Amino acid sequence: LKSENRELAERGKEFEKEYVDVVKEKDDIIGGLEQKLSHIDTKYAKKLTKMGTKKEDTQKKLNIEEKEREMFGLKLEQVMVNNKKLMLQKKFLEKQLEKDLREMHLEMNKIQIEIQQDQLMNSNAALQ
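Residue 672 in the numbering used here sits at position 112 of the sequence shown, and the numbers go up by one each step.
Hints in this document: simulated from the structure, not taken from any laboratory.
Quantities reported herein were computed from a predicted structural model and do not represent experimental measurements.
Even glycine gets a Cβ: it sits at the ideal position worked out from N, Cα and C.
Hints may contain errors.
Distance windows between CB atoms, simulated [said to hold, decoys possible]:
| no. | residue 1 | residue 2 | range |
| --- | --- | --- | --- |
| 1 | Ile675 | Val641 | 45 to 55 Å |
| 2 | Gly612 | Leu648 | 52 to 62 Å |
| 3 | Glu594 | Glu574 | 28 to 38 Å |
| 4 | Ser563 | His599 | 46 to 56 Å |
Only pairs whose alpha carbons sit at most 30 Å apart, straight line, appear in this in silico DSSO-like list of lysine-lysine [stated by the list, open to error]:
| no. | residue 1 | residue 2 |
| --- | --- | --- |
| 5 | Lys635 | Lys651 |
| 6 | Lys562 | Lys573 |
| 7 | Lys644 | Lys659 |
| 8 | Lys659 | Lys645 |
| 9 | Lys635 | Lys621 |
| 10 | Lys584 | Lys603 |
| 11 | Lys577 | Lys596 |
| 12 | Lys670 | Lys659 |
| 13 | Lys655 | Lys645 |
| 14 | Lys596 | Lys606 |
| 15 | Lys603 | Lys586 |
| 16 | Lys586 | Lys596 |
| 17 | Lys635 | Lys659 |
| 18 | Lys635 | Lys645 |
| 19 | Lys584 | Lys596 |
| 20 | Lys596 | Lys614 |
Construct the entire structure; sequences and hints are all you get.
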């Protein structure tokens with residue numbers, strides 16, 4: 561019985577040693593996996609940060625392009641309004657020019673008639 565107890569005690573110690581070794585081995589494996597997981601976590605956190613930054617930069621560029629398109633649209637609208645104003649001014653000036661030319665033509669006709677009348681009077685005066 562004593563020898564069986566001793567034998568059981570020795571087996572218990574061996575089992576305990578093996579158990580401690582297995583637990584230690586598993587703890588080492590878990591520690592290594594935790595390190596790998598931490599490394600992966602850090603790596604992907606950096607990638608996500610870079611992607612977030614790129615996304616923000618892209619959004620900023622898109623916002624700038626949108627504002628530029630809006631500004632171009634406003635400038636184009638202003639050019640069209642200015643063009644319409646210029647066309648109206650041109651039309652007004654053309655009508656004014658036509659009116660002035662008619663008045664000048666009438667004035668020239670009056671002057672020619674006066675000159676002819678003066679010449680006729682001078683001719684008549686010279687004949688008398």
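Hints and how they fare:
no., hint, verdict
1, Ile675 with Val641: 45 to 55 Å, "holds, 50 Å"
2, Gly612 with Leu648: 52 to 62 Å, "holds, 54 Å"
3, Glu594 with Glu574: 28 to 38 Å, "holds, 30 Å"
4, Ser563 with His599: 46 to 56 Å, "holds, 53 Å"
5, Lys635 with Lys651, "holds, 24 Å"
6, Lys562 with Lys573, "holds, 16 Å"
7, Lys644 with Lys659, "holds, 23 Å"
8, Lys659 with Lys645, "holds, 21 Å"
9, Lys635 with Lys621, "holds, 21 Å"
10, Lys584 with Lys603, "holds, 28 Å"
11, Lys577 with Lys596, "holds, 28 Å"
12, Lys670 with Lys659, "holds, 16 Å"
13, Lys655 with Lys645, "holds, 15 Å"
14, Lys596 with Lys606, "holds, 15 Å"
15, Lys603 with Lys586, "holds, 25 Å"
16, Lys586 with Lys596, "holds, 15 Å"
17, Lys635 with Lys659, "violated, 36 Å"
18, Lys635 with Lys645, "holds, 15 Å"
19, Lys584 with Lys596, "holds, 18 Å"
20, Lys596 with Lys614, "holds, 27 Å"
Consistency note: the structure conflicts with earlier hint 17 alone.
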